[in-house]
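Colleague: Chains as they are written, first to last, in this note's numbering: chain A, 1 to 382; chain B, 1001 to 1382; chain C, 2001 to 2382; chain D, 3001 to 3382.
Since the hints were made in silico from the structure, they are not lab data.
One or more hints might be untrue.
[Stated by the list, open to error] Computed from the model, here is a short list of chain C residues facing chain D with C-beta under 8 angstroms: (1) Leu2073; (2) Lys2078; (3) Tyr2106.
[Unchecked claim] Far from chain A, by Cβ distances over 10 angstroms, these chain B residues were calculated: (4) Arg1003; (5) Arg1054; (6) Glu1136; (7) Glu1183; (8) Gln1186; (9) Gly1237; (10) Arg1266; (11) Ile1272; (12) Pro1325; (13) Asp1329; (14) Leu1339; (15) Asp1367; (16) Tyr1382.
[As the list claims (entries may be wrong)] No farther apart than 27 angstroms at their CA atoms in a straight line, the calculated lysine-lysine pairs in the DSS-like style are these: (17) D:Lys3004 - B:Lys1093; (18) B:Lys1093 - D:Lys3026; (19) B:Lys1027 - B:Lys1093; (20) A:Lys265 - D:Lys3258.
By construction, the Cβ of each residue, glycine as well, lies at the ideal position given by its N, Cα and C atoms.
Protein chains: 4
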Amino acid sequence: MKRKICVVITARPSYSRIKSVLRAIKKHPDLELQLVVSGSALLERYGNVVEIMRTEGFEPDAVVYMLVEGENLVTSAKSTGMGIIELATVFNKLKPDAVLSVADRYETIATAITGAYLNIPVVHVQGGEVTGSIDEKVRHAVTKLSDLHFVSSQAAAKRVERMGERTETIFVTGCPSVDLAAEVIQKNERPVFEEIDGIDSALTQKTPYLVVLHHPVTYEWESAGEQMWELLTLISGLNMPTFWFWPNIDAGAESSVKAIHRFRKRDTLKNIHYVLNLMPERFLMLIKNSACLVGNSSVGIRESAYLGVPVVNIGSRQRGRDRGPNVIDVPHDVERIILAIKQQIMHGPYSLSSLYGEGNAGKKIADLLATVELTSQKLITY
Amino acid sequence: MKRKICVVITARPSYSRIKSVLRAIKKHPDLELQLVVSGSALLERYGNVVEIMRTEGFEPDAVVYMLVEGENLVTSAKSTGMGIIELATVFNKLKPDAVLSVADRYETIATAITGAYLNIPVVHVQGGEVTGSIDEKVRHAVTKLSDLHFVSSQAAAKRVERMGERTETIFVTGCPSVDLAAEVIQKNERPVFEEIDGIDSALTQKTPYLVVLHHPVTYEWESAGEQMWELLTLISGLNMPTFWFWPNIDAGAESSVKAIHRFRKRDTLKNIHYVLNLMPERFLMLIKNSACLVGNSSVGIRESAYLGVPVVNIGSRQRGRDRGPNVIDVPHDVERIILAIKQQIMHGPYSLSSLYGEGNAGKKIADLLATVELTSQKLITY
Amino acid sequence: MKRKICVVITARPSYSRIKSVLRAIKKHPDLELQLVVSGSALLERYGNVVEIMRTEGFEPDAVVYMLVEGENLVTSAKSTGMGIIELATVFNKLKPDAVLSVADRYETIATAITGAYLNIPVVHVQGGEVTGSIDEKVRHAVTKLSDLHFVSSQAAAKRVERMGERTETIFVTGCPSVDLAAEVIQKNERPVFEEIDGIDSALTQKTPYLVVLHHPVTYEWESAGEQMWELLTLISGLNMPTFWFWPNIDAGAESSVKAIHRFRKRDTLKNIHYVLNLMPERFLMLIKNSACLVGNSSVGIRESAYLGVPVVNIGSRQRGRDRGPNVIDVPHDVERIILAIKQQIMHGPYSLSSLYGEGNAGKKIADLLATVELTSQKLITY
Amino acid sequence: MKRKICVVITARPSYSRIKSVLRAIKKHPDLELQLVVSGSALLERYGNVVEIMRTEGFEPDAVVYMLVEGENLVTSAKSTGMGIIELATVFNKLKPDAVLSVADRYETIATAITGAYLNIPVVHVQGGEVTGSIDEKVRHAVTKLSDLHFVSSQAAAKRVERMGERTETIFVTGCPSVDLAAEVIQKNERPVFEEIDGIDSALTQKTPYLVVLHHPVTYEWESAGEQMWELLTLISGLNMPTFWFWPNIDAGAESSVKAIHRFRKRDTLKNIHYVLNLMPERFLMLIKNSACLVGNSSVGIRESAYLGVPVVNIGSRQRGRDRGPNVIDVPHDVERIILAIKQQIMHGPYSLSSLYGEGNAGKKIADLLATVELTSQKLITY
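Next up, chain A with everything else stripped away, as it sits in the complex (with noise of 0.2 angstroms):
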């Protein structure tokens, strides 16, 4: 009989990131996936994902609301009970033989509660790695609810081991995220931007751009807002076409997207085009192809280490987490993000880290799902 693996999609991000997994355990002869969609990935507003989705062949077994509107610290709290009340029922009904929690954002930790409470072995896919934020308390809670670790690095594998899981119960499996990066590489396209909606028609293949992709911090979220503005003036004044993602639903998106709606009211250079969704392809054959990935994003972390693209990480929110030699980290300060802009456009792409997998990753997850033990029961090692 076909283990049933159960992977939890929560967010926009959290698709493309894992989506080499969920086609390599489709095709596995002996797993049957079942997908449960939630979060804002059913939400119009930031790109409805389940669209996308069904026409890369996937079907959701099910679908669960879960996100309590409001956008601040209380709400994302409550989000995650209303993520367990409802995935209970889900489990409940699906019977998986896991479920897969991908991360670290806050609602993860509803898939790993409601897996563990269930008996259900959870295994846990991008564990052990260490940034600032909420995802710190978050991915390592996950991590101790976990029973199955499948992760990006050999530091990584080396934490999870220390916080007292069991050897056999880790595996170094690369990030499924790079899996897609690596495709993209092969393929080698320009990417295609008419697709975007709104596009300056006078921007050829050749035209040097940047990419934002710029998030509001949990403890920071009040001021996130201005700092978005800020961010919205110094690249505006780059004068360099510019394509920038609105930013994740988390607490203090609201302030971060009216910032942007102000900013492009008022705004009349216009070499900023905003950019709601893409299919996870060509998404990442946008950053490769850009002369400078700006923001505080993991893909300028993971992804972009692989893809080899110039990166200028801003602030606190991947502090910790292990960077190839493509990534200049700055503070929020206007000077120095400009000076360091400048120095990766001069600099040109980088060469092509392996530091979070080798682009099998989503396979290797599938051949182990098919063949490890089990369990929804561990001790601490020590």
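Knowing the structure of chain A, use the given hints to seat chains B, C and D on it.
Modeller: Just chains B, C and D, lined up with the frame of chain A:
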């Protein structure tokens, strides 16, 4: 300004376990106690703990209904989700400087998650211990969500540190549940049987008696009713006066409770006195003076070490927990349990062990809460 | 294509009340039954209705845990909220052509609201009746949320119409609970006492006996325990064999249950047999053959009219409901209750009344569900 | 002792609609106002009503996050469930003598249910009216859950009475939303365009302009986006300055909002000014001075009757509601809408109608709340 410390009591046993801390916080000139009572601590049929609290001078600042009926694995998860939804409202209203989460019952993670998401420093008491069952996952996950750790023993401190917590956030205060045990020993009174409902009047102060504290184990909840019935038959056959406490409201409790009801109806020997609840001090006094404590409660490991009472610990529930010389471990096997009880009765009282503290944990914890740095941000140490 | 009719059972008594409808829907060639079981119907300690259903050939399509523990007014509200959250998921999954909501218990409004919001036609059984307590508000609110009304009597039909519902949506089908009563009368068997747990073997088929069905009243829930105690003392004093059913899981149930537990412990006469649950037919057979039915259950008004059993109805709970000649109404007053019981025993069985239907409601309802127009849009008629 | 009246505001428009009541309660010597703000009234992206309230002297006693993201039928139901769960906590804390529920939006039933279950008298404002859509079911269900009815007109009073409510609980106070309209008329000021974000400076006090208030209809929510697009194209083609208010956060809003975003991007005429929110008085002033109000908002029926502004009411959303001579009803048909708008512009202002009240509803309601009997028990009158 006083630091506001919010303590969340989620179950009957948590209250006595943390009472000395509540008292010490209330008395401390630099601290203000915010008391939240929730879960089974609010239910009549498990003994209304709120009323006991009131008679002892503690008035709840908020009351939180969070238990979804069903007492199975699915409703355990849903109850935790409900707990997070409700506690988010409460913490947002009370705005504490720290929230304190006790031990490792499944619903305690609701306190830690909500505190962490609201950027409130989370204080964990009784972390770093090792046991079987779902508690093991919950306890260590709570450690990773917490900012301050008040542990029972050096061994526990070591474990918390190895999990990546900073040394300066870990304090060996001893277990507050031992504080009450120390008080009881100082008073050296005999138990007052009269306050136990329906007690056999023939029971005098000198009759040797047993106490049973046995809870369903989450991993085995389907067979919980049968095990309870077996244990009842066995204990009843020993023909000694026995005080049997109703089990916790966990998954599996329903079948256990049913087994007790059925047994009671058919029992003709009438040696067993069923007890819903006792004031914590009376409870410990009853245990201290018993010929043997039987079951799988942590009281048999923790408070009993200090009380020096002979204990027969059944099954895997307390697996991994450090124990004093007063404990004989047996599997769930009729012969072995009988043998061990007889052996313990023969042995009589053991000498006091400070394995879980010296009886001053409450004061130590309050003093630390008043003085240590409180922060909600942390990074793993490696 | 078959019409999918989703029936939501939320409590123990709702099942027997609607069973003939379930059967008729299941048998109907143009209908498909979708069965949702929730609330106290899922709880062991109130008698597991799901198991009974299964033995009678009904397998739930979904199971919905919605009761928040506490059994007070606050948790009644929260349980209803939880019910809506959960039923929204279920209805969205099952996509029924109509949902059927039974009667007027507080949690039934969850079914009506969720159906209405999802644009699913809502069918209400037992609307248009009049009683005291919160049920009165709930019942008529459910009528205004419903699109189709299957009522018990002409009087009920009249009321539903006067509330502004269109005549062509109102059908006098009789009450489905009477269907089972009709079956029982046809079979004309004597009750089988043996299946009642712990029954006194001296009780023969010819001993006259009482049945008590008494539930806490929401408006008076604080005194529910006392009233139960008084009634127990009084009935016990009559020195007749008595079958006493455990009360519903409503606000106030805890204190009532406690009163029963306490009384049982002290009772020396041992005339009272406490019954958790019986198969619906056995239940009605027991009532039919009783010397008198005592309490405040709607069974005393509704099914008993058809069964012709003498009833003493206590207090305001059934106020306003049309009753047959077999009912003597008394306030909660010891003297008056005793007098009325004696009077009824003297009188003996009454002749059958079809006030609440003629025993074919199930079939009528199924036939209508298969043929009438189903719409979720309506306007008040005036 | 003052009577505590708890008013629950669940959405942006509810505040202005009830403001005169809030003021009158606050001023009344025998009343104490308890203000609960929830739902979309808390959301930044729909204009933060709490901040407006504060500037007008109202501080919320509780803030209730209840909206589950998704803006479809399923999440409407879930949001209502969440509302009940949260309001039960709030009402239990505030212990009001009565709760006041406004109008008929889907989530208002949460207030009525929670009040009814907690045995708190429920006061309903704006009952007895008739409209299309889900509001129709909700409004009359709230009437049946309510104990006191403050209605807008004699026709509404008649309907509430016919539904079985006792005459002495029904009061024709007029609609409080008209109170503000009366104030605005008294002041007779011209609108201040400057406070509207991004306003065209060329717009002077004398330019005739349109106002559009158009919300998605629940029954048609799948086509809501298309309808919005059509209306935008049509209005834009009229080539008049237009103030277009963002739609309510209902099921279907997402596609409507998306349609607006898309249209705005492509619009080259730039006649339309998108408005998120205005202070209620400014809002009414803007409407009063408009050449024509277009859309399907109840403002066009209710306040506009008193203001005498020409209205083109589109589609079924206000079906059944009594209207003054100032309203032309049209289906969603491009030709007919254009024609009607032109006709209304030609006609100019209508004379004032007191169909929905005379501008003193707030005072009347407060006076009644201070004096009438408050009870939570009732029986249908027939």
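Colleague: If a hint holds in the structure, say so; if it does not, say that too.
Modeller: Results of checking the hints against the structure:
1. Leu2073: 5 angstroms, holds
2. Lys2078: Because about 5 angstroms separates Lys2078 (chain C) from the closest Cβ in chain D, which is inside the 8 angstroms limit, the hint holds.
3. Tyr2106: Constraint on Tyr2106 (chain C) satisfied, holds at 6 angstroms.
4. Arg1003: 20 angstroms, holds
5. Arg1054: 29 angstroms, holds
6. Glu1136: Non-interface label on Glu1136 (chain B) violated, nearest chain A Cβ at 6 angstroms vs cutoff 10 angstroms.
7. Glu1183: 32 angstroms, holds
8. Gln1186: Label holds. Min Cβ-Cβ 35 angstroms, cutoff 10 angstroms.
9. Gly1237: 32 angstroms, holds
10. Arg1266: 33 angstroms, holds
11. Ile1272: Given a closest Cβ separation of 32 angstroms, the condition holds.
12. Pro1325: 23 angstroms, holds
13. Asp1329: Non-interface label on Asp1329 (chain B) holds, nearest chain A Cβ at 16 angstroms vs cutoff 10 angstroms.
14. Leu1339: Leu1339 (chain B) is indeed farther than 10 angstroms from all Cβ atoms of chain A, at 27 angstroms.
15. Asp1367: 26 angstroms, holds
16. Tyr1382: 6 angstroms, violated
17. D:Lys3004 - B:Lys1093: 20 angstroms, holds
18. B:Lys1093 - D:Lys3026: At roughly 23 angstroms apart (the allowed maximum being 27 angstroms), Lys3026 (chain D) and Lys1093 (chain B) satisfy the hint.
19. B:Lys1027 - B:Lys1093: Given that 27 angstroms is the threshold and the Cα spacing comes to 23 angstroms, the pair holds.
20. A:Lys265 - D:Lys3258: Between Lys265 (chain A) and Lys3258 (chain D) the Cα gap is close to 17 angstroms, so the pair holds against 27 angstroms.
In summary, the numbered hints that this structure violates are 6, 16.
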